[in-house]
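Got chain A sorted already, so can you dock chain B onto it with the hints?
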Amino acid sequence: MTHLHKIVPALFGAMLGIAGILPAAAVDTGLVFVSNERSNNIAVIDPAKDNTIVKLIATAGRPRDMSFNQGHTLLYVACGDDDVIQVIDVAKLEVVDNIPTGRSPEMFRLSHDDALIYVSNEETSTVQVIDVASKAIMFEVPTGAEPEGIALSSDGKTLYATSEVADMVHVIDAEEGVVMENVLVETRPRRFIQPSDAEIWVSNELSGTVSIIDLTTFEVAETLEFLPPGFRAVDVTPVGMSMTHDGKTAIVGLGRANHVAFVDIATREIETYVLVGSRAWGTDISRDDKVLYVANGLSDDLSIIDMESRTNVLTLPVGRIPHSVVIDD
Amino acid sequence: MTRTLRKALAGIAMAMLASAAMPVVAQPAPAAQAEAAEHVKIGYVELDNDPRYAAAGAFAGIQFYTLARPFTGAEVGLDDAQDIGRLLGIDFALEKASADSTAALTETIAGWVDDGISFVVADLPADALVELADALAGQPVMLINVSAPDDALRGEQCRANVLHTYPSQAMLTDALGQYLAVKNWRRALVLQGPQPDDALMVEAFRRTAQKFGLTIVEERQALLTNDPNAREQSNVALMTEGVDYDVVFVADHGFEIGRYVPYQTSLPRPVVGSAGLVPEAWTWSWDQDAGAQLQHRYEDKALPYRMNSGGWAAWVAVEAIGSAVVRTKNGDFDALRDYLLRERLNLDTVKGNPGSFRSWDHQLRQPLLLATPDAVIARAPFTEFLHEVNDLDTLGVDAPETQCSF
Numbered sequence: 001m002t003h004l005h006k007i008v009p010a011l012f013g014a015m016l017g018i019a020g021i022l023p024a025a026a027v028d029t030g031l032v033f034v035s036n037e038r039s040n041n042i043a044v045i046d047p048a049k050d051n052t053i054v055k056l057i058a059t060a061g062r063p064r065d066m067s068f069n070q071g072h073t074l075l076y077v078a079c080g081d082d083d084v085i086q087v088i089d090v091a092k093l094e095v096v097d098n099i100p101t102g103r104s105p106e107m108f109r110l111s112h113d114d115a116l117i118y119v120s121n122e123e124t125s126t127v128q129v130i131d132v133a134s135k136a137i138m139f140e141v142p143t144g145a146e147p148e149g150i151a152l153s154s155d156g157k158t159l160y161a162t163s164e165v166a167d168m169v170h171v172i173d174a175e176e177g178v179v180m181e182n183v184l185v186e187t188r189p190r191r192f193i194q195p196s197d198a199e200i201w202v203s204n205e206l207s208g209t210v211s212i213i214d215l216t217t218f219e220v221a222e223t224l225e226f227l228p229p230g231f232r233a234v235d236v237t238p239v240g241m242s243m244t245h246d247g248k249t250a251i252v253g254l255g256r257a258n259h260v261a262f263v264d265i266a267t268r269e270i271e272t273y274v275l276v277g278s279r280a281w282g283t284d285i286s287r288d289d290k291v292l293y294v295a296n297g298l299s300d301d302l303s304i305i306d307m308e309s310r311t312n313v314l315t316l317p318v319g320r321i322p323h324s325v326v327i328d329d
Numbered sequence: 001m002t003r004t005l006r007k008a009l010a011g012i013a014m015a016m017l018a019s020a021a022m023p024v025v026a027q028p029a030p031a032a033q034a035e036a037a038e039h040v041k042i043g044y045v046e047l048d049n050d051p052r053y054a055a056a057g058a059f060a061g062i063q064f065y066t067l068a069r070p071f072t073g074a075e076v077g078l079d080d081a082q083d084i085g086r087l088l089g090i091d092f093a094l095e096k097a098s099a100d101s102t103a104a105l106t107e108t109i110a111g112w113v114d115d116g117i118s119f120v121v122a123d124l125p126a127d128a129l130v131e132l133a134d135a136l137a138g139q140p141v142m143l144i145n146v147s148a149p150d151d152a153l154r155g156e157q158c159r160a161n162v163l164h165t166y167p168s169q170a171m172l173t174d175a176l177g178q179y180l181a182v183k184n185w186r187r188a189l190v191l192q193g194p195q196p197d198d199a200l201m202v203e204a205f206r207r208t209a210q211k212f213g214l215t216i217v218e219e220r221q222a223l224l225t226n227d228p229n230a231r232e233q234s235n236v237a238l239m240t241e242g243v244d245y246d247v248v249f250v251a252d253h254g255f256e257i258g259r260y261v262p263y264q265t266s267l268p269r270p271v272v273g274s275a276g277l278v279p280e281a282w283t284w285s286w287d288q289d290a291g292a293q294l295q296h297r298y299e300d301k302a303l304p305y306r307m308n309s310g311g312w313a314a315w316v317a318v319e320a321i322g323s324a325v326v327r328t329k330n331g332d333f334d335a336l337r338d339y340l341l342r343e344r345l346n347l348d349t350v351k352g353n354p355g356s357f358r359s360w361d362h363q364l365r366q367p368l369l370l371a372t373p374d375a376v377i378a379r380a381p382f383t384e385f386l387h388e389v390n391d392l393d394t395l396g397v398d399a400p401e402t403q404c405s406f
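Chains as they are written, first to last, in my numbering: chain A, 1 to 329; chain B, 1 to 406.
For reference, chain A alone in the conformation it holds in the complex (with noise of 0.2 angstroms):
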């Protein structure tokens, strides 16, 4: 079973150039996709264009993380409602393919070769591996309930796993599909950014706070807290992250408190808080770190960030419940 996925990936990977999909090129169109959890699309904005909406993308039920694979090509969706990573074709803006996965995905990864998907199903409290090519699901792991961020290490052979009901990281051999160890964090868990390596950063929505998790130890080395002018703890609930192409800053999306935070990343410093739209969560950087977008989800709208005056330069209606911002850049 173990070696199973390593040769299957290969046989399938093989017939994909025959009978698989093949998508027309598209390179760096520029566009900024936003996943609209209520209105079942994908609402696709042409920065080029004045920032309007050039198409909405209809998707399965509840779209919510997206990610592009290595070229660009394709842009996967996770749709919650539908048990299904819907696979949209970036030059034709269409949905080409369906890959079925356990109840309710939320958040993904693929493999840095796109061969392998590992979703977690926030309602079977499992993280599972797909293969791509295949569709086949080689290995699931059980997880906590809620199940959430998935993160790869650059080797590709770590996963990391949140569950947001039992406030754990789960560090997975993702060869194996075994869980290697369980990292205690604060309340409710929900996504990652990885700075390094050395540690992995985890927002902890209902504490308000960042946990840095040490990956040689295992343990919660540091721990941020953020506080908004104005705010109350209660109100700081902390979900989506980004990190500069640089590597220099991170920002936290606080969730309830309307504001995204920029972090330096190498002091750990909070150096500012921005006024965004209503439960920020979802959020993306231009690769030129010039522009961030932000996904909130109880205001149906994007805030576009001009990160060097760190203000927010536009609000645009996007559809209902915003969910997660990406980049064909």
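These are calculated hints, taken from the structure and not from any lab test.
Check the hints yourself; a few may be wrong.
To be verified - Some chain B residues flagged as far from chain A (calculated, every beta-carbon gap over 10 angstroms):
1. Y65
2. D134
3. E256
4. L341
5. F357
6. D374
Unchecked claim - Dumping the calculated DSBU-like pairs for lysine-lysine here, alpha-carbon to alpha-carbon at most 35 angstroms:
7. K96/B <-> K301/B
8. K157/A <-> K92/A
9. K157/A <-> K329/B
10. K301/B <-> K329/B
11. K301/B <-> K135/A
12. K96/B <-> K41/B
Stated by the list, open to error - A short, non-exhaustive set of chain B residues, derived as facing chain A with CB atoms under 10 angstroms:
13. L87
14. L88
15. N235
16. L238
17. D289
18. R297
19. V326
20. L347
21. D348
22. D391
What you are looking at is a predicted structure, and each value in this text was computed from that prediction instead of being measured.
All C-beta atoms in this analysis are idealised placements derived from N, C-alpha and C, irrespective of residue type, glycine included.
Quick look at chain B alone, frame taken from chain A:
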């Protein structure tokens, strides 16, 4: 207990190898895990013929699925705890006892205490709860009240060995009172049902009215009868005429009067309290803050029943115990009790604000939901009402006014 639990926690990686790798095709017996597992049992007690649930199937034999007992909620809590326990080598279990008297329950619990049970989830009416608490005083066991809203249990009749996850009557009427104040629906006509609990609910509403600047226009008694001579106390149109008001507040735990008040009032006014807009710890239509996921876990076990306030209170009680066991890495009663009572408990209520127990009366702080049968209209507390420490303490009896001394 402590020693073996530590051993279990130290041996996590070993246990994991056997238990966590679950191939789709087969599930090998987790031998190493069974060896390392620490057993944590949680008690659950209820009365066989608890009159509070009589209405559940009393209307011409038609079942009211909203009036389920809390036990399924505890089972969902157990599942959640077991998910975590499996990873840490802790084996959680529920022991349930149902009896026709508190004396019988006292005996059962005494046996459980010898067996290492430290927490007992209690679905009991107020008088039975106090009796049981007094009978168990001094023993290393805490009761967790998951169904009695009585303010006296958090006031003059409070007991040090009782925690309350079910909201107090004062919290429930305060949630409603805040909403009425925010809407500026400040004049209320009160209809009081025939049960003693109805009188307590009206008493709580009087306190709420004073706290949030509402006016009780008049209080009227409502009876469940077809007696023509009593029609002014049983005909809703007659009961609600002769005065003006913004809302009708109805207190009726029997449910049979209250459910007929909306749309039958003399004036076209909304109904709140036991019918119409009802303050709840939980209702099936709450879908935010992972509410839908909890809902589904409950429905997987119990459809057509859906989680209600008691079910939620039982779920959160087991969640609290589970998290105390996991976080303290220690099965000692004192350590678990101290953990639960700490100010920064930060318990996930699945209603937004995290919960913790008030030190002055052992009541779980929590947001409350104002619900119609189909939707959650609003969540209390409201931003218009702030508290110097924790906004959740705008609901219910705050430290300076408590009548409780342990």
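Which numbered hints fail: 15 and 16
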